[in-house]
Amino acid sequence: MSCIGTGRLGVAFCLAALVPLIGPAAAAEPTVQELLAAQDRALVNSMVAWEETFFTLPSDVKLDETLREAAVQLASEHLARSRTLWPEWMAQERAASGDANLQGGTLSRPLFLHAINELAIWSLENGGPAQDDAWLKAALAPMACSSLPRPYFARRIAMIQAAPLDARPALLAGERDLLSRWGTKRQSLPTRPAAADLEAADQAITLLRAGLPITAVPMTPFLADRLFDRKRKPDPSDRWEQCAKSQWWLASQLADGKVDRSEALTLWRYSTMFDVNELIPDSVEPSAGTSRLAAGKPAYPLAATYFSVEGVTTVQVDTDALGNLLKARVVSRKLTVPGVRDNPPVAFETLLDAASLDLAAKPGQLAKKSTGFKFDAVWRLEE
Amino acid sequence: MKIFRFALRLSAAALFALAAMQAKAQQASTSNAVQPNVVGLVQAAYRWGDFAELERLYAIYGKAGVRSELTGFPRVEQFWMGIGKINNSSLRVSDEYYQQLDALTQQWAREHSQSVLAQLLYAETLSTHAWAHRGNGFVNTVSPAAWADFQKYLQLALAQLRRTETLAAQDSSWNAIMLNIGRGLGWDKDSLLKVFQAGITKNPDHDGLYFTMQTALLPKWGGDLESIDRFIALAVKTTRAKLGLEMYARLYAGLSYAEVDQTLFKTTRASWPSMKAGFEDRLHRYPHTDHRNMYAYFACMAEDRPALQEQLDLIGDKFDAIFWGSNAERTFEACKKMARQV
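Chains Z and E supply the protein sequences, listed in that same order.
Just so you know, we're using the numbering used here here: the first sequence kicks off at 1 and counts up by one.
Just so you know, we're using the numbering used here here: the second sequence kicks off at 1 and counts up by one.
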């Protein structure tokens, strides 16, 4: 395992890989078992230190004192619990690999990916009707998207700050509940909405740009400025824009009354979920999620490479009478990510989508195919 | 319609700059006292669509007679400055941006039918949309289609103000918005003066009404300098007991910034001794470096070296280009050189 990148995750991988080199000195002539135990402790410490970066509350995030205290307490409880979870996950990795002495990056990498997936699950999970009601209030609060600090926990707490006061107790209780589920097998994660639903807001914006009418509530000036600035292109990595757009679409769906509230909330959760691309170092990011055709073979998406995502995506293609591509969409995914076993790899499940869709446009792919045909794109990382 | 034949450059940008220089002192506090950043608070609330917060802020800062303790700037104007950061007709956005603002503020006006602010904000937004169609160019740069849209949105804004007059016209901001609409629609001077007079009667501290009215009287809006001289004389008569000659100084300064630049003392009846007394009156109440920058700029223009030197000393390193005309840095250097020649 070599150090990759300079971003947060890259640094974490490197730290973990370096553990054997910076282990305890041999002055007391420790046994091999003691050395391994010390290495494990060091690895847990580096894991916890890495996880803390997601659970910090920067001082410049404006929070009521009581909310800040409650949030600090919440983070502290979670990190204490995590300290006991990491050794369990290490044991699981060793058991899964059949190597009781698994160490270094081979061990730390799946652990990190496991934790990243837990972060994503946290952003998607449904905590019950009371929490859903509270999150609907939070999501629709005018200032919900105004402060989105980098640490993910701080981002959620900032949204709680923006929520109506009467929703706060349920939101905080919900956070405590959801965080307590880390490391467990979830029985009922909300299913990923259909691509058409996830793309509906962008479709509506396209219609607006074309001067066509749509059924939607008015946008905030912030969102209107972001979307209709003549010199600016939509930026999927701009979390404020994504948040404001998701909020607008949620409000529009609820106002329309044709969509179930919990479905609308699930769509909002998926639209605002924790984005693993935030963890990709700048040196990798520009090409992440894209596929470059090289000698007729698509390049493996760098983001998927970075997170070791493999598997099969099934693409459905619509064609016209002449066999020309009309639309392609990913209809299912069977993916594997090291360290992610008990739950679907929700954090990583779209990282092969764009490249898979590119395959639909590959010359020859559509020859003599009727509309609605499906094909499997198989993605395997080469050693 | 003759106003539009002679209208040269739209005054929206000049108005904005003038208002900005009057309001910016809010951010540039030289005091240790914590001053609310009204412009920023309003801008943030509006930007994120927080009408409840806007209503709360307007209840505090929209009241007649509330001024910044630091600069003396009316809070109600700072409130509308914050709105103006969003309702800005000069943004590089497509028309959909203004359509969304129209829809949002219309929704607020409908949902809060008894809110003065909601009704005013919708009218102000429609007016902004109109000016966005009009653009900042000379009148002969406006296409017929843009002109038609300009008129259409001004008429919508006018209709909104008239529809809600019973409720909203108790607020002098109603008159401020109406003055801008009337100017755009080419109302005659007397009609505009009636709107102005009604507004200043409601809130004598709404300084911005004087400047909005003065803008409508500018030569580039079909007015003339004699009318402006008469208007300033009227303003001084109305405000002298409370403000001394402050409005004299500020209105002639405004005329310079908006139209005549460095020729103020050559092409108008502006009297430097009166302006000087006005700046002194203002500084006596609000000794802020912004006001000193403005004072120094005109002292230099009037070649009053002692006054210039005194203010330059007091300004120190707090030079602010916004008060020093179109070629600010060079003008400032030249003025400093002149002051040293005492």
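Among the hints, a few may not be true.
Here are the simulated DSS-like pairs of lysine-lysine, each with C-alpha atoms no more than 25 Å apart in a straight line [as the list claims (entries may be wrong)]:
id	chain 1	residue 1	chain 2	residue 2
1	Z	K231	E	K276
2	E	K266	E	K202
3	E	K85	Z	K233
4	Z	K233	Z	K327
5	E	K85	Z	K62
With the Cβ distance kept under 7 Å, some of the chain E side facing chain Z (calculated, not the full set) [stated by the list, open to error]:
id	residue
6	A103
7	L283
8	H284
Take a look, some chain E residues computed to stay more than 12 Å from chain Z by CB distance [to be verified]:
id	residue
9	A45
10	W48
11	D50
12	A52
13	K85
14	Y98
Derived by calculation from the structure, the hints in this document are not laboratory data.
In this text, a Cβ means the ideal position worked out from N, Cα and C, and glycines have one as well.
Hints, one by one, checked against the model:
{"no.": "1", "hint": "K231(Z) with K276(E)", "result": "violated, 45 Å"}
{"no.": "2", "hint": "K266(E) with K202(E)", "result": "violated, 36 Å"}
{"no.": "3", "hint": "K85(E) with K233(Z)", "result": "holds, 22 Å"}
{"no.": "4", "hint": "K233(Z) with K327(Z)", "result": "holds, 23 Å"}
{"no.": "5", "hint": "K85(E) with K62(Z)", "result": "holds, 23 Å"}
{"no.": "6", "hint": "A103", "result": "holds, 4 Å"}
{"no.": "7", "hint": "L283", "result": "violated, 36 Å"}
{"no.": "8", "hint": "H284", "result": "violated, 38 Å"}
{"no.": "9", "hint": "A45", "result": "violated, 8 Å"}
{"no.": "10", "hint": "W48", "result": "violated, 5 Å"}
{"no.": "11", "hint": "D50", "result": "violated, 4 Å"}
{"no.": "12", "hint": "A52", "result": "violated, 8 Å"}
{"no.": "13", "hint": "K85", "result": "violated, 9 Å"}
{"no.": "14", "hint": "Y98", "result": "violated, 8 Å"}
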